[in-house]
Amino acid sequence: MGTRQQSFNDQWIVTGTASGINRHGVEYSMEIIKPLVYKRRCVFELKIVLPVEGTKVFTSEGKEVIIDFGDGECDNLVTVTVNGLSREIEVGNRN
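Numbers in the numbering used here are just positions in the sequence shown, counted from 1, shifted up by 44.
Think of the hints as simulated: they come from the structure by calculation, not from any bench.
Every residue gets a Cβ at the ideal spot worked out from N, C-alpha and C, and that includes glycine.
There may be inaccurate statements among the hints.
[To be verified] Pair ranges (Cβ atoms, derived):
| hint | residue 1 | residue 2 | range |
| --- | --- | --- | --- |
| 1 | V135 | Y72 | 17 to 25 Å |
| 2 | E71 | C118 | 30 to 38 Å |
| 3 | F88 | L129 | 27 to 35 Å |
| 4 | V70 | E117 | 31 to 39 Å |
Taking the hints into account, I'd like the entire structure generated from these sequences.
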């Protein structure tokens with residue numbers, strides 16, 4: 045389990061791990077390796093709840109997916125790395 049620190053003024057931070065078995069019986073795990081930072085201002089600007097900073101790693105069946113949420117900027121871009129290959133992805137809709 046992780047910890048969640050919340051500030052009603054500015055931002056909140058999430059750390060921790062999770063694991064389980066999906067509906068197909070496949071085990072998975074997730075670890076936040078750099079704390080996820082959410083900024084209240086960014087939630088209102090982007091209209092989605094998405095960390096603006098931090099990194100988490102998903103592992104399943106010997107495969108690893110790294111999701112990097114950036115450097116603190118209010119954007120909806122994440123970098124996903126699979127097998128050493130990285131790709132920037134735009135998340136959600138900015139309407």
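Structure-based check of all given hints:
| no. | hint | verdict |
| --- | --- | --- |
| 1 | V135 x Y72: 17 to 25 Å | 20 Å, holds |
| 2 | E71 x C118: 30 to 38 Å | 35 Å, holds |
| 3 | F88 x L129: 27 to 35 Å | 34 Å, holds |
| 4 | V70 x E117: 31 to 39 Å | 34 Å, holds |
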